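From first to last, the protein sequence lines are chains A and B. First residue of the first sequence? That's 13 in our numbering, and the numbers climb one at a time after it. First residue of the second sequence? That's 164 in our numbering, and the numbers climb one at a time after it.
Each hint can be trusted.
Which chain B residues stay away from chain A? Per the calculated CB distances, all over 12 Å, these:
#  : residue
1  : ARG165
2  : ARG199
3  : PRO201
4  : LYS209
5  : ASN355
6  : GLU436
7  : TYR438
8  : ASP481
9  : LYS485
10 : ARG545
11 : MET588
12 : THR757
Not everything, but these chain B residues come out facing chain A in the computed CB check (under 7 Å):
#  : residue
13 : LYS301
14 : PRO302
15 : ARG468
16 : TYR470
17 : ALA504
18 : GLY505
19 : GLY650
20 : GLY653
21 : LEU654
22 : SER656
23 : ILE670
24 : GLY678
25 : LEU679
26 : GLU701
27 : ASN705
Computed list of lysine to aspartate or glutamate pairs in EDC-like fashion (alpha-carbon distance at most 16 Å, straight line):
#  : chain 1 : residue 1 : chain 2 : residue 2
28 : B       : LYS649    : A       : GLU156
29 : B       : LYS540    : B       : ASP497
30 : B       : LYS303    : A       : ASP94
31 : B       : LYS301    : A       : ASP94
32 : B       : LYS303    : A       : GLU89
33 : B       : LYS649    : A       : ASP173
34 : B       : LYS301    : A       : GLU89
Bear in mind the hints are in silico, worked out from the structure with no lab data behind them. Keep in mind it's a predicted model, so treat the numbers as computed, not measured. Ideal Cβ placement from N, Cα and C applies to all residues, glycine included.
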Amino acid sequence: MSTNRTRSSRRAFFLKGGAVLGAGVAAGASALASGKAPPSKDSSQEELVRQLREELDAAADREALRQLHFTFTAMLESQNYDAAARLFEDPAHLHDYRQRIAPSVHAAYRPNSLQQQDLVTLSDDRQRASATFHVDARICTALEGDFTLARMARLQGQMADSRWESGRLEARYVKHAAREWRIATLHYVAS
Amino acid sequence: MRNYQRLQMHRIAYSDLSEEQVAQALRPTANGPACRSPLSSVLAGKKLKIVTDDGGPVLEYHFRNGHDLEVSEGGGKPVKAGYGALECRSLVMVSHMIPGTQRGYQFVLDQSSRCATVFEVSFSGYAAQETADAAQAKPKPRTPQLKNGHRNREVQRRVWFGYVDDGTAAPTARHAYTNRLEGKGIYWKQDNDIEILEFYLSILYSNFIELTRFGGEMTVCAPSDYVMVNDHLFIYSRIECEFSGTYTLQVIDLFDLTQRGVRLGVNEKDQLEYYMYTGKGEIIGQAASFEVFGNNSETRSGPRRVYRPIETFETLTDEQVKEQCLNHAHAFGDGQGSGAAGMGGYRTTPITHFAGKQLTARMDNGPVIEYQFVDGKNLKWRYEGNANWRDAWYEMYEPDDQLYFFAHLLDAEYPRSCAMVALDMKNGLSTIVKGTTGTPYRNNETHPTYYFGVFQMEGGPTPPTYVRHGWTDEMVGELVTWNYQKGNPGLTSMHFYATPNAYSWIIFQPDGSGGLQWSSPGWYSKLRDGVYIMAWVEEACNGTLGVICFNQRIMHDAGFGFHVGSNGLSLSVVGARARHAGKFDVKKYISLRT
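Using the sequences plus the hints, can you model the full thing?
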């Protein structure tokens, strides 16, 4: 993995003042600001362009990963599990993930106050990545039973219990096409 | 004289009318609704344009007189139709159908604010909508609920909020869904002499007792809409889904307790009912509501859900039920316990100190059962005079001081029965509710038989000669919430003991508002002051017999559930914590005629 570890949150981006590049390349902008030295005066124009392109490509990858994360959490919240499974390299991994957290159900994820510590890390060849997203997770316990009250409660979308807890999603990604990333593994860790 | 019906609504086999039959039945609607009271001519000669939000209909009206209108939908060709209108203060309620179709509009407009709420109604739309909903169900598509036919008779409705476009700037205010009617009960007497008790105990449902049409024996439930005009004017509608499919829309004025309504549907005789009415009401009570303060409006995250127990009831054959009764019967998990994940999450500590004791429960005009309690889970029982002892699992609880309630399965025969036995150690009395599988309507329903009597036991009290536990109506009108498991709302319902023969239950939604609701027959007996046995059978629903011994002093119950289905026959425990939620003064409306 690259040491090119940067904060990817939208808030971090604005704090770094990278508005010129837009929110979509927040991580790249912050990388320019905090990581590598700017091109020297005697660098060739070609090298400067190459370096900028590299930075922009990395920023675009990070934004793609961030969008993938948001897409996943939105699909999970809307219980669109079939579509969410297709975000994984192996669609069966989502089923495994949900089995691991059973009997609880994760009904929603929300960015929480630790989101400034979110990390997206790209491999040197930008074909793999890992990320940590700090979230509040809505943890629900399914209503069991075949009796009438349980049936009616389930029909109105109800759970036996529902609470929010803070945690983080640890994900690994693989690049599937030019800008298309997929989730390789996903783990939830309670804080 | 009470107009009792041979069949209550949940037992009527409503015909599955074809679209053509519905069209035929609706033909007279082209002339507009009938009405015993004078209809309003306030709109006669006027032109009116109603614009609704969210892509809803745009309706341009020309009211030729007090009975005839022309309506153009979305700028289309004007269509002539008969209509009816009724006024309530500044509100006008209008009802008309589109001749030659199975569609129509009912709307309420406010002449002072220009706000309008439009109910777009239609017949023969259930199957298509249900098929589409099933295909889009989350987390995965489900099978459409078409077991009981296409339900062409069932009115479908869409609610649109909008305004009257008079060429000036559109008003920003709208009528809105509300919970401000939640908890209220009203007796209505309509201008056509129909008397009905309506209870608005949920924000999605209502239940009502048909005093005139059905004699007031049962209460039934219907998915409903509640719309607030202001703090005393409300719009209420319901559709009698699972029954005739009839649609009712009312404007309710809580200042002078009057109503203006329209009823549209095809009744159990497949005859059209399309009329407007006025009515006068009496408040009969107010139940508590459980939303947090500040939550005054209904928040809907999708289409209004409809509970369809008749559609989803698993009906088994005689042979299937027999197999479950004889070979798959389990009481209290065969001694391993039951109910913890269900309705027994708050059961109290089981009573085991009868181990080693013997007694005889002697019912008047009923069974005499001898018991030997082997230990805290096993007993032996036999009918008096019978030589053979039978083994059975049992569980016993103490819902009141020295008042014990236990249950066990009876003989492994078909139909299969269980005994739920109350022993009143302070009074020497015993009551048995015998649950048995099967009703004349379904094999996998259950039914109760009550027996009142005494018990005899060494060291026990001398039983009285004449005194008995007995039937009561003391609980009638009461509302009680029941929390069966930890969690909020967890598994929590509200019972409304609506009549001496029926009750209704409401499932709370996460925000504390009332959600889905259904009803069943129910029976009430009194053991002691404030201590009652209440039994119900979820007829045409789940078939379960529930029997609880409810102690109002500790607001707790101990009880049992008896059920047979494709997963076997079961006897399990019920234990929940209660809160009082109010009382309706219903007895004077439903008591026997004198």
